[in-house]
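Colleague: Here's the letter readout for the chains.
Number of protein chains: 4
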Amino acid sequence: MKQALNIGLIGHKFMGKAHSHAYRDLEMFFEIDHHLVCHTLCGMEDDLEEAAERYGFLHTTRDWKSVVENPEIDVIDICTPDKFHKEIAIEAAKHGKHVICEKPLCLNYQEAREMYSAVKANGVHHLCNFTYRGLPAIKLARQLIESGKIGEIYHFRGFYFQDFSLSPDFPFVWRMDKELAGAGIIGDKGAHVVDLARYLAGEIQEVCCQSAVFVKERKAAESGEKKTVTTSDAAVFLARFENGALGNFEVSNMSAGRKNALLFEITGSKGAIRFDLERLNELEVYFDEEEEEVKGFRKIHVTESCHNLVSHWWPSGHNLGWEHTFIHQIYGLVHAIETGTENESNFYDGMACQQVLDAAALSDQKHSWIAVNEIGGV
Amino acid sequence: MKQALNIGLIGHKFMGKAHSHAYRDLEMFFEIDHHLVCHTLCGMEDDLEEAAERYGFLHTTRDWKSVVENPEIDVIDICTPDKFHKEIAIEAAKHGKHVICEKPLCLNYQEAREMYSAVKANGVHHLCNFTYRGLPAIKLARQLIESGKIGEIYHFRGFYFQDFSLSPDFPFVWRMDKELAGAGIIGDKGAHVVDLARYLAGEIQEVCCQSAVFVKERKAAESGEKKTVTTSDAAVFLARFENGALGNFEVSNMSAGRKNALLFEITGSKGAIRFDLERLNELEVYFDEEEEEVKGFRKIHVTESCHNLVSHWWPSGHNLGWEHTFIHQIYGLVHAIETGTENESNFYDGMACQQVLDAAALSDQKHSWIAVNEIGGV
Amino acid sequence: MKQALNIGLIGHKFMGKAHSHAYRDLEMFFEIDHHLVCHTLCGMEDDLEEAAERYGFLHTTRDWKSVVENPEIDVIDICTPDKFHKEIAIEAAKHGKHVICEKPLCLNYQEAREMYSAVKANGVHHLCNFTYRGLPAIKLARQLIESGKIGEIYHFRGFYFQDFSLSPDFPFVWRMDKELAGAGIIGDKGAHVVDLARYLAGEIQEVCCQSAVFVKERKAAESGEKKTVTTSDAAVFLARFENGALGNFEVSNMSAGRKNALLFEITGSKGAIRFDLERLNELEVYFDEEEEEVKGFRKIHVTESCHNLVSHWWPSGHNLGWEHTFIHQIYGLVHAIETGTENESNFYDGMACQQVLDAAALSDQKHSWIAVNEIGGV
Amino acid sequence: MKQALNIGLIGHKFMGKAHSHAYRDLEMFFEIDHHLVCHTLCGMEDDLEEAAERYGFLHTTRDWKSVVENPEIDVIDICTPDKFHKEIAIEAAKHGKHVICEKPLCLNYQEAREMYSAVKANGVHHLCNFTYRGLPAIKLARQLIESGKIGEIYHFRGFYFQDFSLSPDFPFVWRMDKELAGAGIIGDKGAHVVDLARYLAGEIQEVCCQSAVFVKERKAAESGEKKTVTTSDAAVFLARFENGALGNFEVSNMSAGRKNALLFEITGSKGAIRFDLERLNELEVYFDEEEEEVKGFRKIHVTESCHNLVSHWWPSGHNLGWEHTFIHQIYGLVHAIETGTENESNFYDGMACQQVLDAAALSDQKHSWIAVNEIGGV
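Chains as they are written, first to last, in numbering that gives the first Met the number 0: chain A, 0 to 377; chain B, 0 to 377; chain C, 0 to 377; chain D, 0 to 377.
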């Protein structure tokens, strides 16, 4: 009989649902030594109990501290708005819980340092869920780069485009209020792109950012009251990597026609790699060391059993979906817990990413280049 | 407290796993009146108990009759090799169970008629799982055709290509033995394509088929013994639809570079639709009644909440995977049971599909055109 | 001072224009020993003189025999409606002229045999202009196949789709009258596809064809009179190649959304090749003998100096257009004349192609398989 | 009998060849009132006479002043290295010649102002050949934007990637020497992208650029001597447009796998447009004001007679090549001369483009944002 690994999940909306699903499915496809138990779901909304039933949680509470303090619980999973991440994570670590935290890790680099210190000090395992690291295509990209097949990196172009707020009739939501949303799109979408940049192309040294608000006023959904938008609709930033590569980053919530386009192109001295989240089972790869006549970008359907993580699922050629990334990420954490090793995509990554995002935000504000190491702690 | 709907699943390999996953996830995303219970898993292999634990079944047995006769069980789900479909389904129907059967429904049209008679006679609900009907993109295709936006259908081109047996070193497997595999690739891959043709373009009147064996002998996996391949590696067939449309069908297990390419293109008097299972979240659509200068195939990312079934899952732009089709199909059956309505993709469809496949096989054998209605029952 | 090679061009419409352009540009990009002279343009329409001036011809005539008999003229280029091809070509050959003839070579295999006999008997050079053989991408496809990189051929799928007559309001034109148009779409579009099949995949043994008329009556452009369409809008045909490969051919003038889509996919035991004329500078290629993780179709931009014919044009990466194929084909003929060698794409090819097309037409009529060698001469 | 328009072409290498071809073909496809005469070819290389014969020029000279002064010549076409543009153009204008000048117009904004003053003062027509304005796809993009179908512009992303110097073994060439090459890649590739940005999205207010040299030393082709590369291999720059749009520009000669990828994506409040020069006959367009279920990027094959300039060429669906852009651009100038109107893509555009490029170069040097109007004349 396997031992239980009891999960306390704080936050039950979009991310809470995605994480709950991961707990539900993980053991059907992956071998782990524990049995994952959806122990307690914590949230503030009226539909908490309904969600708990639907997601399969045994208990509910509206008091996150009681979850963190509950001796039965082994893992605290934080899917709340960003501004609560820090306090919960640190308390969880202090109580010796392993901690999962959705990206971005927190509101700024200073917070991130505190969080990272707390998990280190308490010797718990920690996952900052940059969920796209869980894609087989991204794993393949990393493997190709590490094996040297792309050569020295010259260019990283990373974009994240959606168009959900394109219409001026799209209502004012809390993400458009700087008081509530913190770094806004730079922190939200930017975190995914910067993390992939770090994961695949290396550390970033310097950035220069500009953002834009295209629709300055929107009506509140219910009251119809006109409100001033104080966060950005989009941002572009240049970067220089420590290895000398040129970075080109862009994020937008108003890029017409793009539904969920997290795109990147990494080029090096020996090849190139392209990816688009709208086609998340594919990776495009170019090798320059081919015979001259047959050089070209190849589209790899990353669904073969030889590809990372794929053999756990279905036979060759069967597409995975977006939600599988969560299963892979949580599997990574559980595996680290069970083997006493360190998982990828941890709080250090969350902190390092936050430093770049803070630099971008400061650069936007100062209208100048900012070195990442200008962003300090304490 | 919801009433249980107890499932008896017969077969626990590839399809058994996919169906089990559907039972596990369905209630987290869809509202149904019952609670689905994975009651009994039946199979013949040594790993039955391990599979049952992994999939979440309460009981196991090696005797399918005991499942069919068990009064606690409400639904019999058949994921066995094709040759057992008929007997199990008919027995299940006789015991008043609703029946789910993987495609192809059975070995031939005669069997299909008997199965269809049995479910009708016993008044049970029935699903022949042509799983790709469960894709939002396919639902959109159907909706566009039904709304008249494609006009009168002129062309249906439907292909299903893989390349798993491309290498002559790929071993002899049971599917290559005519005694065991029945209609072979025409029945296996052909069933998916013919079902989509019927679902989207209408009934088929006449077919003309030729098949091929490209590698005539292969070595058995263990013994290394050379064996003669007696089923086809590939087949092409022409068809005429009742509405006058031209049909072009092709299936292959040795089409280099194709991993899971179920492709179709339907063109009509007002537009066209294209689909590729390797990009299952997309549909390409052309409308001829656009302004001249901007006519062109558009790629629709079928992941918006306005698209069929999508709102049950994630926000806009988040890809679904292959396995979601099973959830949608089983949801359809449960919904039919609960509302006393008839679900799509039922045994009638399985039977009608089988008639076309039998005609294709006969045409291949006779090297001539065969009218579908030449394929008769007793 | 280079010697003149005097051209007599018969027909000055679409193809006449394309050939004239080839004569104009050839010497700017290719080294030949002669100077090409647009000597005489022959046609029947009022705008003959205007065309001659525009195309750069020195003389005009409405009497094709005078062109064929003119001792100054070295090459007769036939761009007339198909039914005049035979007589002109044979007369030209008898007068010792080299002959260029647009595809299809003529109306049927019997005519083709006579034409081929005439050019052989008179020892003149001959080009049947299957113009797409002149594409660098097609040359690359051939080179890959010949080098064995695709292995033994298993599948040839070749389609030619347009949609110019999609609308029922598209008027009745001469091509819709069987008396005038001969083999109709099978001969017109089919000739291109069958030639590429022969060029790339080998000889065809047997075919089975069905055609369709989707709009049975159309109005004459000027009179508005309703007329019955007696040629096909579309046709599909199966084929078996001599090497055992399965052939799948389709042609349509009413395939919505397709503007000029001559498509093929050739798959073999070691790889596959795909092509689409709408992207004529590209070839997609798959090699199965790659490392497992990075297998995939690659898109080759066939515009590098290492690619056949490309170095005559522009630096790397600069697209060629449709019209360049004519220059390449005529260059091939001139080169053959100057070196006394045999050019590709000659009357033998025209004849062999015609035999397959005749078999397809007969198969369509008889509603049965027809062996290509059943189509005989006298 | 048409009057001659005599051309004096200075420079006979890559661009000289492309322009010569345009003169050769223009009258075959476009109606103009004059007859274009390739009068004099001027160049410095040994193969001048051979080129003149091949291109069809009547005279040659090594003295450009004699061309500019020749009273027989009507149009001076400048295809020399950039550093000679200014002097020749101004002399030509002073002698009352119409002037064609390849892009970039010259070495810097100051020169550009002088050139623009000269053509204005002398009342001659002038073309700065931003050749991609001559593409039907680009004309369609402009038409859609002008008609309001894309709405207010929010994003312009424009990239020009090649990979010809990817290999460290690619030799040192004059373009890598700052003394000879001026603005280097920013001027060369950047000019095309910035011109399209201005043509389609409006004027640029401010830029921030960084460049990179990835291979710092290369061997000279003949001597094998190691030389330091003093121009950039790549550059990225941010921009703000006057209309508030965010600009993202990138150019590289070392972007692996890209052969001639001039790419842009323009998004606005109502739609988006994408283009890739490697598929120059296509434009991808998204309209947000479609029915929800069928929104998506459509691929338009810009080869219909309804599309700008296409009707001069071939029937529907027949691809044009890269070289056609030159014909269209020169046709634009001739048409302007003949009608006394102003052509697009003139010296004003060359000058305005240069101002942005100078700002980018200065920004790169100063490592800070630069307002375009900081770049001044005199």
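There's no promise every hint is true.
Since the list gives no way to pick out one identical chain from another, each pair is judged satisfied if it fits inside one copy or across any two copies.
Unchecked claim - Restricting the straight-line Cα-Cα distance to at most 27 Å, the calculated cross-link-like pairs of lysine-lysine (DSS-like) are: (1) K269 - K298; (2) K269 - K148; (3) K365 - K119; (4) K215 - K269; (5) K148 - K215; (6) K225 - K269; (7) K269 - K226; (8) K225 - K215; (9) K148 - K64; (10) K218 - K269; (11) K119 - K215; (12) K148 - K298; (13) K298 - K138; (14) K177 - K365; (15) K269 - K64; (16) K119 - K82; (17) K269 - K93; (18) K64 - K138; (19) K82 - K1; (20) K365 - K215; (21) K82 - K12; (22) K298 - K12; (23) K225 - K82; (24) K148 - K218; (25) K218 - K12; (26) K148 - K177.
Hints are computed from structural coordinates only; laboratory data are not their basis. Note that the coordinates shown come from a computational prediction; the quantities given were computed from them, not determined experimentally.
Colleague: Indicate which option fits the pair K269, K298 if close means a Cα-Cα distance not exceeding 27 Å: within, between, both or neither.
Modeller: Cα proximity of K269 and K298: in one copy and across copies (17 Å, 17 Å).
Colleague: At most 27 Å between C-alpha atoms: does K148 with K64 qualify within a copy, between copies, both, or neither?
Modeller: This pair counts as neither: shortest intra-copy Cα distance 49 Å, inter-copy 53 Å.
Colleague: Treating 27 Å as the Cα threshold, decide for K215 and K269: within, between, both or neither.
Modeller: The answer is between: 17 Å across copies meets 27 Å, while 45 Å in one copy does not.
Colleague: Evaluate K225 and K269 at a C-alpha cut-off of 27 Å and name the case that applies: within, between, both or neither.
Modeller: between (53 Å within a copy, 22 Å between copies)
Colleague: Using 27 Å as the alpha-carbon threshold, which applies to K269 and K226: within, between, both, or neither?
Modeller: Cα proximity of K269 and K226: across copies only (22 Å, versus 51 Å in one copy).
Colleague: At most 27 Å between CA atoms: does that hold for K269 and K148 within a copy, between copies, both, or neither?
Modeller: both (6 Å within a copy, 24 Å between copies)
Colleague: Within a copy, between copies, both or neither: where do K82 and K12 come within 27 Å Cα-Cα?
Modeller: within (16 Å within a copy, 46 Å between copies)
Colleague: For the identical chains here, do K225 and K215 meet the 27 Å Cα criterion within one copy, between copies, both, or neither?
Modeller: Answer is within: at 10 Å inside a copy they meet the 27 Å cutoff, but 55 Å across does not.
Colleague: Between the shortest in-copy and the shortest cross-copy C-alpha distance, which are at most 27 Å for K218 and K269: within, between, both, or neither?
Modeller: Only across copies: K218 and K269 sit 19 Å apart there, 51 Å inside one copy, limit 27 Å.
Colleague: Indicate which option fits the pair K148, K177 if close means a Cα-Cα distance not exceeding 27 Å: within, between, both or neither.
Modeller: neither (43 Å within a copy, 32 Å between copies)
Colleague: How would you label the pair K82, K1 (within, between, both, or neither) given a Cα cut-off of 27 Å?
Modeller: Answer is neither: 36 Å inside a copy and 38 Å across each miss the 27 Å cutoff.
Colleague: State whether the alpha carbon distance between K298 and K138 is at most 27 Å within one copy, between copies, both, or neither.
Modeller: Result: close both inside a copy and across copies, 15 Å intra and 23 Å inter.
Comparing the model with each earlier hint shows violations of hints 3, 9, 11, 15, 17, 18, 19, 22 and 26; every other hint is respected.
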